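Taking the hints into account, I'd like the entire structure generated from these sequences.
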Amino acid sequence: MLKIFRQRNFSLLWVGQFISIIGDWVLFIALPFYTYSLTGSVLATGVMFIVSTLPRLVLGSLAGVYVDRWDRKRLMIMADLLRVLLILMLLFVRSRDGLWLIYVSAFLESTVSQFFNPAKSAIIPLLVGEKDLLAANSLNGLSDALTRLLGSALGGVLMGWLGFSSVVLLDAGSFLFSALMIILIVMPIRPVLQTTVADAPAAEGFLGVWRDWVAGLKLVKGEHLQLMLFIVLGVAFLGDSMITVLIVPLVKVLMGGGAQLLGWLMMAQGVGGLLGGLLVGQFGKRFPSRRITALGLVLTGIVILVIVSIPHSAWVLPLMAVAGVAASAWLICSETLLQLGASDQFRGRIFGTLGTTSALASLVGMLLAGALADLLGLVLILCISGSLYIISGLMAWVMLPKIQPSQVDQPAALEKDLSNYQAPVN
0 MLKIFRQRNF
10 SLLWVGQFIS
20 IIGDWVLFIA
30 LPFYTYSLTG
40 SVLATGVMFI
50 VSTLPRLVLG
60 SLAGVYVDRW
70 DRKRLMIMAD
80 LLRVLLILML
90 LFVRSRDGLW
100 LIYVSAFLES
110 TVSQFFNPAK
120 SAIIPLLVGE
130 KDLLAANSLN
140 GLSDALTRLL
150 GSALGGVLMG
160 WLGFSSVVLL
170 DAGSFLFSAL
180 MIILIVMPIR
190 PVLQTTVADA
200 PAAEGFLGVW
210 RDWVAGLKLV
220 KGEHLQLMLF
230 IVLGVAFLGD
240 SMITVLIVPL
250 VKVLMGGGAQ
260 LLGWLMMAQG
270 VGGLLGGLLV
280 GQFGKRFPSR
290 RITALGLVLT
300 GIVILVIVSI
310 PHSAWVLPLM
320 AVAGVAASAW
330 LICSETLLQL
340 GASDQFRGRI
350 FGTLGTTSAL
360 ASLVGMLLAG
370 ALADLLGLVL
380 ILCISGSLYI
390 ISGLMAWVML
400 PKIQPSQVDQ
410 PAALEKDLSN
420 YQAPVN
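Okay, so the sequence shown: first residue is 0 according to numbering that gives the first Met the number 0, each after it adds one.
Check each hint, because a few of them may be wrong.
To be verified - DEER-style ranges, computed between Cβ atoms:
no., residue 1, residue 2, range
1, V397, P317, 17 to 23 Å
2, K251, S36, 41 to 47 Å
3, M398, D96, 50 to 56 Å
4, K130, R290, 14 to 20 Å
5, G369, F4, 40 to 46 Å
6, K251, P317, 20 to 26 Å
7, L149, R5, 20 to 26 Å
8, D373, M77, 27 to 33 Å
9, S94, L260, 46 to 52 Å
10, P317, S386, 20 to 26 Å
Claimed, not checked - In silico DSS-like pairs for lysine-lysine, Cα to Cα no more than 25 Å straight-line:
no., residue 1, residue 2
11, K2, K284
12, K2, K130
13, K130, K72
14, K2, K72
15, K130, K284
No lab work stands behind these hints, which were simulated from the structure alone.
Keep in mind that this is a model prediction, so the values were computed, not measured.
Even for Gly, the Cβ is constructed at its ideal location relative to N, Cα and C.
What follows is the structure, given as structure tokens:
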């Protein structure tokens, strides 16, 4: 797996993202505390998370269209540089009167990220090639787990020792470093779709964007693999958002612990994520990705149900590590399936639409968990969350088709949408 680091372009992207995501976690830990210290309001802190979620819900699919139409490398560089400026806005927040700057910064930074994230997922198959794609995604999963551990710890230390300004400067600097790494990448030439309508005038402006967007949605609907994956992941994201909302009540009410126990649980999950990334990267090619996805989802759900059943057991921390392994496995393999199941011309739209699907399922899950926990009880809602994971895993086992990598360059639905295709602007 580590031999992929010999591929210069992927290494540059990986290192840049490793530093950038550490900066994201540092700010994620510090900003809610800073907001609460200024306002003393849980509502004001919650609004910050809401405004960050809205762009994912509204812009994900549309942003994917531009990811496919524009030069992805240039788009990612511009996105990182814009996020440097947007994060630096937070340096001017000194009192409750500057709270609006936090909301504006959070909203705009999330908006720009809707363009960056699909572009990153879309270029990885071009940087490493099909045969190394699972290993590359495993290394990204490994990076996500490691940055969660390092960034969370560093955020608390910087906030306590040097203050909020140090956190802002670190995150802004991490985006700048990412941009510099991407500048050094030599992008392979993107495959150009040859069609019988190549001589027809290209659709431009709003009409062209609309047609590209519709073509991407039709691809998801028309391709069995893509449609089934979106359904499976939608159910999984629904369960995940419910456990996310209820993790603090789970620790405080069922386990009788506090912030320290929550920190230990998150650390155990992060260690499991590291192990999961290593295992999938080393042995993932021996098993079908669709099967690993299914087993990872089922195992995640089972772990949740067991933890709810024995919340005071000494096995809780090892179980959280197992959940981290399982979550890492299904996330890595499902992303690989999405990348393999779409041609390059549509990958931006696929991952943009996935972002919208994730945001919508998460919003519904959070609202349901918050509204029903008091009515039906904490334990029952947590059990529903675990059950949704298991259901999504069983659906993946039954519904996901086999995928032949040699056939993924020309999905069946693609030919239906040739007249709607707009070549990328390079």
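Do the hints match the structure? See the list:
1. In this structure the supplied range 17 to 23 Å is violated for V397 paired with P317, their Cβ-Cβ distance being about 30 Å.
2. Distance hint for K251 and S36: a CB-CB separation of about 21 Å, inconsistent with the stated range 41 to 47 Å.
3. For the pair M398 and D96, the beta carbons lie near 53 Å from each other, so the given range of 50 to 56 Å is met.
4. At roughly 19 Å, the beta-carbon separation of K130 and R290 lies within the given 14 to 20 Å, and the hint holds.
5. Judged by the Cβ atoms, the range 40 to 46 Å given for G369 and F4 holds: they are separated by roughly 43 Å.
6. At roughly 21 Å, the beta-carbon separation of K251 and P317 lies within the given 20 to 26 Å, and the hint holds.
7. Checking the proposed 20 to 26 Å range against L149 and R5 shows it holds: the Cβ atoms sit about 24 Å from each other.
8. For the pair D373 and M77, the supplied restraint of 27 to 33 Å is violated, since their beta-carbon distance comes to about 45 Å.
9. Separated by about 34 Å at the C-beta atoms, S94 and L260 break the suggested range of 46 to 52 Å.
10. Under the hint 20 to 26 Å, the C-beta atoms of P317 and S386, about 22 Å apart, fit the expected range.
11. A hinted pair counts as satisfied when its Cα atoms are at most 25 Å apart, and K2 with K284 qualifies at roughly 15 Å.
12. Of the pairs offered as hints, the one joining K2 and K130 holds, with about 13 Å between alpha carbons and a cut-off of 25 Å not exceeded.
13. Under the criterion of a C-alpha separation no larger than 25 Å, the hint pairing K130 with K72 is consistent with the structure, at around 22 Å.
14. The straight-line distance between the Cα atoms of K2 and K72 is roughly 24 Å, inside the 25 Å bound, and the hint therefore holds.
15. Between K130 and K284 the CA atoms are separated by roughly 9 Å; this keeps the pair inside 25 Å, and the hint holds.
Checked against the numbered hints listed earlier, the structure breaks hints 1, 2, 8, 9; every other hint is satisfied.
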